[in-house]
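Take a look at the letters that make up each chain.
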Amino acid sequence: MLVIARRLFFYLVTAAVAISLDFLIPRLIPGNPVDAILAKMQGVTITPAIIHALDLQFGVNTSSSLWGQYTHFWSNVMHGNFGVSSANGFEPVSSVIRQALPYTLGLVGVATLISFLLGTVIGAIVAWKRGSWLDNLLPVVTFFQAAPYFFLAFLAIDLFSVLLGWFPPSRAAGATDFPAFTWTYLSDVLDHSVLPAVTIVVASAAGWIVGMRNVMLTTMDEDYVLLAAAKGLRKSRVIWYAARNAILPSVSGFALAIGFIVSGALLTEIVFSYPGLGSLLLQAVSNNDYELMQGLFLIITFAVLAANLIADFVYVFLDPRTRQEA
Amino acid sequence: MAASISTDQVTGGGPVPGSALSPRTTPRRQRALQLPRSPKIIAGLALLAVFVLLSLIGPLVAPYSPDQIFTNSPVPLPPSSAHWLGTTNLQQDVFSQVLVGGGDMLLVSLIAGVIATALSVVIGVTAGYLGGLADDLLSMLANIFLVMPALPLLVILFGFLGKTGSNDLFLIGLIISATGWAWGARVLRAQTLSLRNRDYVDSARIVGERRSRIIFAEILPNLTPIVASSFLFTVLYAVGTYTAMAFLGLVNPNWNWGGMLFYAQGANAELTGYWWWYIPPGLAVALLGTSLVLLNFGIDEFVNPRLRAAGLSRRSGRRRQARAMRSQQFAMTPVVRMVQAQGATPGAPAASTRVTTPGTTEGGQA
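Quick note, the sequences are listed as chains C and F, same order. Position one of the first sequence corresponds to residue 1 (my numbering), numbered consecutively onward. Position one of the second sequence corresponds to residue 327 (my numbering), numbered consecutively onward.
If you are wondering where the hints come from, they were derived from the structure by calculation, not from laboratory data. The beta carbon of each residue, even a glycine, is placed where N, CA and C say it ideally should be. Mixed in with the good hints there might be a few duds.
[Unchecked claim] Below, simulated SDA-like cross-link-like pairs (lysine to any residue); rule was C-alpha separation at most 25 Å, straight line: (1) Lys-235/C <-> Ile-122/C; (2) Lys-489/F <-> Ile-29/C; (3) Lys-489/F <-> Leu-56/C; (4) Lys-489/F <-> Asp-35/C.
[Claimed, not checked] Ranges between beta-carbon positions, derived for each pair: (5) Thr-182/C <-> Asp-494/F: 23 to 29 Å; (6) Arg-321/C <-> Phe-496/F: 42 to 48 Å; (7) Met-78/C <-> Gly-458/F: 44 to 50 Å; (8) Ser-399/F <-> Ser-187/C: 39 to 45 Å; (9) Thr-598/F <-> Leu-2/C: 55 to 61 Å; (10) Phe-396/F <-> Leu-66/C: 51 to 57 Å.
With the sequences and hints as input, model every part of the structure.
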C-alpha cells in the first residue's frame with residue numbers, strides 16, 4: 001500500500017498547488033476584478049457590504065497581509081466556502097456547483113468508463129488483427145481524436161436530433177418534468193443524456209484505441225504469448241493473456257487522459273445546454289463571475305484527482321508487483 | 327520538420343539495422359529516406375502544407391472581408407455562387423472567415439509549441455540527467471501540471487486577464503504553453519535517464535567532457551525524434567486549446583475557427599440546420615489536428631518499428647517485424663528508474679516512451 005500512500009501524498013500536494021494558484025492568479029494578474037464585477041452588475045443594488053465582501057475575496061483595499069489573506073483563503077476552502085456567484089443572484093458558489101455537479105459526474109463518469117472499456121477492447125482487437133482491414137480504422141480514429149469534442153457535438157445534434165429526431169437536442173430533462181424517482185423522469189433523463197454521452201465516448205475512445213493498440217503490438221511479441229499460442233490454447237485466451245498485460249499502461253496513463261476528457265466533456269455540455277459544470281463555466285465566463293470560475297477550477301481539479309486515485313487503486317489491484325513492493 | 331527528423335531519426339530507437347555489424351553496407355542516406363516514405367507521414371505533411379499555405383495566402387485570396395455585412399436576409403443563407411459557403415446570421419461570408427481564420431491559429435500554436443517544447447527540454451533533460459533531489463522536484467512539478475485539468479485553469483487565467491489578454495497572440499501562446507509542457511518533459515526525462523547510462527555517454531564522462539557538452543552534443547541529438555514528437559503533440563494541444571478558448575469567448579473570436587464556432591453556437595446554428603456555418607471551421611480544426619496526429623504516428627512508427635503494421639500484408643509485416651526485432655537486440659538499454667505512471671499515454675505519441683524498453687515495459691514500473 002506504499003504506492004497508494006505515495007500517490008495520495010502527491011494528490012494532496014497537487015490539491016494544495018491548485019488552491020494556491022486559485023488564490024494567487026487574481027492577485028498577480030494586473031487589473032481589478034472587483035471593478036469588473038461591479039461594472040457587470042446591472043439592476044442589482046450594490047451595498048457597501050457586497051463591495052467589502054468582493055474586496056476581501058480578491059485582496060483589494062485590504063489591510064491584511066498577503067499571508068493573512070492566504071491563510072484566510074485556506075480556511076474558507078476547508079469550510080467549503082468559495083464565495084458568492086454574482087451571475088446567480090449572489091447565491092453561494094458551493095450551492096450553485098452542488099446543483100450542477102451530479103449531472104456532470106453522472107454524464108462524464110459513465111461516458112469515460114464506457115469509452116475506456118470500449119476503446120481498450122477495440123484497441124486490443126485492432127492490434128491482434130494487425131495487417132487486416134481493421135488497420136483502416138486508424139485514420140478514422142485519428143480524425144475523431146483530432147476533432148474538437150464540441151464540433152462533434154454540433155454534428156450529433158444536427159444529425160440525430162434535428163434531421164432524424166431520435167434524441168432531444170438539449171437540456172437534461174423535459175421542461176415539464178419535475179425531478180423525482182419515477183420511471184418517466186428517469187427515462188427522460190436517460191433519453192437526454194444519450195447524445196452527449198455518445199459524443200464524449202466517440203471523441204475520447206480514439207485515444208484509448210490507439211494507446212491500447214500500440215502497447216498490445218509490443219506485448220504480442222512477448223515469449224509468454226508465443227508459448228500460450230504454442231500450447232494450443234484457445235485464441236480468446238491467448239488474446240486475454242496479452243491484453244491483460246497491455247492494459248496496464250492504459251490504466252496508468254489515465255491521469256493524462258482524464259484531464260483532456262473532462263475538458264472536452266465540459267465543452268460538450270455547453271453545446272447540449274446540459275445543466276452541468278460546463279454550462280456553469282460558460283455562464284461564469286460570459287458574466288465575468290470570477291468567484292464561480294475559481295470554485296469550478298477547484299471542484300473540477302478535486303474531482304479529477306479523485307478519479308486518478310481510483311485509477312491507482314485499480315492499478316494496484318491489477319498489477320501484483322506494486323503490492324509486493326510494500 | 328521532416329528534414330530535422332530524418333537526419334537523426336535513427337538514434338531514438340538504437341542503431342540502424344545492420345549498422346552495428348557493417349556500417350558501410352547501409353548508407354545513412356538510404357535510411358534517411360525511409361521516414362517520408364511512410365504513407366502517414368506523406369499524408370500528414372501534405373495536409374499540414376495545405377493549412378500552412380491556407381493561413382499564409384488565405385487573407386489575400388478571400389473574396390470578401392470577413393467583417394463585411396451583406397444585407398437583405400434575416401437568416402443565414404446556404405451556399406451559393408456569390409457565397410461559396412453561405413453566410414452567417416449577420417450576413418458575413420463564411421468562406422472568407424474560414425480563409426482568414428487559420429493565420430492566428432497557426433501562429434498561436436507555433437508560439438505555444440516552441441515555448442512549451444523549450445521548457446520541456448530544459449526541465450526534462452535537467453531532471454533526467456541530474457537525478458536525485460532535482461529530479462524528484464522537477465518530476466513532481468511536471469506531474470502536478472499533468473494531473474491538473476487545463477481547461478478550468480485556463481478559464482481563470484484568461485478570465486482575470488480580461489480584454490487585455492484576449493488580443494495578444496504571444497500572450498495567448500505563452501499561457502497555453504504554460505499548461506502544455508509537462509507531458510513532453512516527462513517523456514524526455516525518461517529517455518534522458520536511459521541515455522545517461524549508455525556506454526558512449528559514460529565514455530564521454532570518463533574522457534572528461536564538460537557536463538554541458540555531454541548534454542548538448544551527446545544526449546540532446548539523440549532525443550531529436552522525441553523532441554519532434556512532443557513538439558507536434560504540443561502544437562496539437564495548442565490548436566485544440568485555442569479553439570476551445572475562442573469557443574468559450576475567452577479570446578477574441580474575430581477571426582479564428584473557434585470564434586466562428588462561438589458565433590454559430592450563439593445563434594444555435596446546430597439546432598436550425600445551418601450546417602454550412604459550423605462544419606467548415608470545425609472540419610478545418612479537425613483536419614489540421616489530423617495532420618499533426620498522422621505526423622506523430624509516423625514518428626512513433628519510425629522510432630518503434632513494431633508499430634509499423636498498417637499498409638503491409640500480414641506476411642511481409644511479420645518478416646519486417648522479425649527483422650526489426652533482431653536489429654533491436656543490439657540497442658536495448660532498459661530504463662531503470664521509471665516513474666510509476668510512466669507507461670503509455672492514450673495519446674498518439676505514447677509509443678515513443680517505450681522505445682527503449684520493450685523487454686521492461688512492465689518491469690520498469692516496479
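Okay, the hints, checked on the actual structure:
1. Among the hinted pairs, Lys-235/C with Ile-122/C is consistent with the structure: their alpha-carbon atoms are about 16 Å apart, no more than 25 Å.
2. Distance restraint check for Lys-489/F and Ile-29/C: the Cα-Cα separation of roughly 12 Å lies within the 25 Å cut-off, and the hinted pair is therefore satisfied.
3. Distance restraint check for Lys-489/F and Leu-56/C: the Cα-Cα separation of roughly 24 Å lies within the 25 Å cut-off, and the hinted pair is therefore satisfied.
4. Straight-line distance between C-alpha atoms of Lys-489/F and Asp-35/C comes to about 14 Å, which keeps the hinted pair within the 25 Å bound.
5. The supplied range of 23 to 29 Å is broken by Thr-182/C and Asp-494/F, whose beta-carbon atoms lie about 53 Å from each other.
6. About 47 Å separates the C-beta atoms of Arg-321/C and Phe-496/F, a value consistent with the hinted range of 42 to 48 Å.
7. The beta-carbon spacing between Met-78/C and Gly-458/F, approximately 34 Å, falls outside the hinted interval of 44 to 50 Å.
8. Under the hint 39 to 45 Å, the C-beta atoms of Ser-399/F and Ser-187/C, about 41 Å apart, fit the expected range.
9. The supplied range of 55 to 61 Å is met by Thr-598/F and Leu-2/C, whose beta-carbon atoms lie about 57 Å from each other.
10. The hint said 51 to 57 Å for the Cβ distance between Phe-396/F and Leu-66/C, and at roughly 54 Å that hint holds.
In summary, the numbered hints that this structure violates are 5 and 7.
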